[in-house]
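Please put together the full structure from these sequences, using the hints given.
Chains P and X, in that order, are what the protein sequence lines are.
All residue numbers for the first sequence refer to my numbering, where the first residue is 1 and numbers rise by one.
All residue numbers for the second sequence refer to my numbering, where the first residue is 303 and numbers rise by one.
Treat each hint with caution, since some may be false.
[Claimed, not checked] In the DSSO-like style, the derived pairs of lysine-lysine whose C-alpha atoms are separated by at most 27 Å in a straight line are:
#, chain 1, residue 1, chain 2, residue 2
1, X, K306, P, K17
2, X, K306, P, K106
3, P, K50, P, K36
4, P, K94, P, K136
5, X, K306, X, K431
6, P, K50, P, K136
For the record, the hints were derived by calculation from the structure and aren't laboratory data.
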Amino acid sequence: MTPLLFPYDVTQEDEMKRPLDFNRRSHLMNVDRMYKAEIVSIIRLTEKEKLFHIRIIDRSERERFSFLPGQFVMVEVPGFGEAPISISGSNSQKGFIELCIREAGKVTTMLHRAAPGSRVGIRGPFGTYFPMEKMKGHNVLLIAGGLGLAPLRSPVTFVTENRSDFRQIHILYGTTDPSQLLFDYQYEQWRRVDGVNLDIIVEQADPAWTGPVGRVTSLLEKIDVALDETYAIVCGPPVMFKFVCTMLSNQGMPRDRMFVSLERRMHCGMGKCCRCNVGSTYVCMEGPVFDFWTVMNLKEAI
Amino acid sequence: MLFKILDKSEFRSLLVMLLESHEVIAPRVIATGQDGRPLHNYLPVKTPEEMDLGYETTLNSAKTYFLPYSENLSTWDFNEADWTQNISYRMQPRAIIGLHACDINALLKLDKVMAREFYPSPYYISRRKNSFIIGIDHTPCRGAFCRSLGTDTVNRGFDLFLTDLGDRYFVAIDSDRGYSTLHRVTVRDVTDEDTGAYLEVRKRIADGFDPDLPVKQLPNLMDIEFNADVWDKWGARCLSCGSCAMVCPTCYCYGVNEAVAMDFTSGAKVRQLYSCNLADFATVAGGHNFRPPRESRLKYRYYHQHRGFVETYDEPKCVGCGRCSRTCLAGINPPDIFRDLLAKEEQS
Ligand SMILES: Cc1cc2nc3c(=O)[nH]c(=O)nc-3n(C[C@H](O)[C@H](O)[C@H](O)COP(=O)(O)OP(=O)(O)OC[C@H]3O[C@@H](n4cnc5c(N)ncnc54)[C@H](O)[C@@H]3O)c2cc1C
Ligand code: SF4
Ligand code: SF4
Ligand code: FES
Chain P
1 MTPLLFPYDV TQEDEMKRPL DFNRRSHLMN VDRMYKAEIV SIIRLTEKEK LFHIRIIDRS
61 ERERFSFLPG QFVMVEVPGF GEAPISISGS NSQKGFIELC IREAGKVTTM LHRAAPGSRV
121 GIRGPFGTYF PMEKMKGHNV LLIAGGLGLA PLRSPVTFVT ENRSDFRQIH ILYGTTDPSQ
181 LLFDYQYEQW RRVDGVNLDI IVEQADPAWT GPVGRVTSLL EKIDVALDET YAIVCGPPVM
241 FKFVCTMLSN QGMPRDRMFV SLERRMHCGM GKCCRCNVGS TYVCMEGPVF DFWTVMNLKE
301 AI
Chain X
303 MLFKILDKSE FRSLLVMLLE SHEVIAPRVI ATGQDGRPLH NYLPVKTPEE MDLGYETTLN
363 SAKTYFLPYS ENLSTWDFNE ADWTQNISYR MQPRAIIGLH ACDINALLKL DKVMAREFYP
423 SPYYISRRKN SFIIGIDHTP CRGAFCRSLG TDTVNRGFDL FLTDLGDRYF VAIDSDRGYS
483 TLHRVTVRDV TDEDTGAYLE VRKRIADGFD PDLPVKQLPN LMDIEFNADV WDKWGARCLS
543 CGSCAMVCPT CYCYGVNEAV AMDFTSGAKV RQLYSCNLAD FATVAGGHNF RPPRESRLKY
603 RYYHQHRGFV ETYDEPKCVG CGRCSRTCLA GINPPDIFRD LLAKEEQS
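Quick look at the structure:
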């Protein structure tokens, strides 16, 4: 006799048989499947932060992996856990991912102990991105505080690689003290790009420091751009971006032309676990990149 | 929708057939409550006698069969510096018998989050499609407010739905497999007399509900009363134990943890249901907590149920089953909170 109930095998669905691609959000796929990736090199940036160059091992997966500046991936150390990390580098080389990671807990500490050649899992990319296309033809202010330079480095690379598409470019960066400066070996390179202005400030100087001392907002006061023809990306702790964005809007910049990246706890990246919720907004799906107007209207956001 | 009449003796034969070939989950008495009434849960059963279809409600909802309290998302086999990731989805069909309308409505809500729009979950979809659901009508349970939320009736999301007409069931059929399974036993067509009896039972059920709660105003009220002291009052009593979310048929928040076997040859990535009432729900590395006071977490849970979900799906997430009220040691319950919010609004 035929059985009463037939087994259902989800893996036989057509969408499940397609190559895994997290950019096809609405498709049924193996949502927990990792791209296997290799840490090809590790660069120490500060005492607590390292830059990891990661390459997806499988060639066809590498081809499929594409992201936009501002998006993040889930990095997996099998057996230890997963952590959401912003992609910190250029999106012009497919399947090569740069991640700037602070040693902060279980997963990130394991990553800091890893040697080149180690393997990690990658899922993603996830989340929203900075509207680089819309920004073309405008002045751009890229402002970072502290670890905020990690997510900001992706748009920085984008504007330097596509310099002719933009008008004035100002990069402003502030940290607590010179030992916290990320990517110090790259400043010279950014500055040499024709028409890119980079200003750096620290809150506390050390004997070797010759640059300005203070907060990133005091750099902002010196910038002279037409704010109604400008876009801004502001990455840093909530107090910092709130301060900077409020200052810019007081000077006449529309709030929906300033973009920030929110950080929340995340356990899925796919709008399921609710850990990232701000009010009823899923930061992993509707963010992490938001315009400042939207952030101001989120209950419990800052 | 197709309707048929199934004699109770034939229903028993159907149960026996299901029990012989498949896993069957049904309401079962697990203990006696303080008031002397039996307490139930949805549990595996082996014989028709073990199940009690006349149950009032269950302590836990049936969600664990769709979103298990704990589930392996994947397992790892480690070899030297490399690893293999294994993923498996449920393939065995099972029958879940005796769900009430509110719990089937809860599944329809979970479907919206887990099986549609973005990143549909193959884990959930496998479990959902491998569940053969027979629902059943019942007289209203004490403390439930499903009728106010429109979840006291259901017309999809199940395979078969039974209404007790004494010696027989009035059966609604909502799937092809429901239809063919039902026809393994003898069923007959609905007569005018059956329809009359059915409508009478439905009316008796509808009349048995408490007066409606003012839920229509909730989404708006919540927005206006975001800073109301109502939350301080109830928050002060909350133990942050998370039980309300555990028993709730629609709470789906989770956390992911990983573990390595003692011999380091394998590991697992495990999803565990969580609760937004738990203290570290929104804590990030470095120790910052986005919702430190317990009243903010209690409020957040109510917001998700009655405002956030409404914004996205045009309906509340709560189905009014009353399980959270029954389980809460602090006596925190949605109807009282709604009344307080409403009173507050009327004052001002
Ligand atoms: C969109 C986004 C982008 C980020 N980008 C970067 C980046 O470029 N560089 C960087 O160093 N850090 C970044 N973070 C923070 C980083 O995710 C946390 O430091 C990391 O999750 C800590 O994990 P852990 O296991 O080491 O810490 P533990 O404290 O052991 O954390 C345990 C678990 O809690 C969760 N968790 C803890 N803290 C956070 C957090 N801040 N955000 C999200 N989940 C958390 C994770 O699931 C983690 O596995 C980002 C966070 C988000 C949300
Ligand atoms: S509302 Fe009640 S059940 Fe829920 S966390 Fe608070 S004390 Fe626990
Ligand atoms: S919030 Fe309470 S009443 Fe509403 S569905 Fe969940 S457990 Fe039932
Ligand atoms: S990270 Fe899980 S819902 Fe956003």
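Consistency of the hints with the structure:
{"no.": "1", "hint": "X:K306 with P:K17", "verdict": "violated, 39 Å"}
{"no.": "2", "hint": "X:K306 with P:K106", "verdict": "violated, 58 Å"}
{"no.": "3", "hint": "P:K50 with P:K36", "verdict": "holds, 20 Å"}
{"no.": "4", "hint": "P:K94 with P:K136", "verdict": "holds, 22 Å"}
{"no.": "5", "hint": "X:K306 with X:K431", "verdict": "holds, 23 Å"}
{"no.": "6", "hint": "P:K50 with P:K136", "verdict": "violated, 31 Å"}
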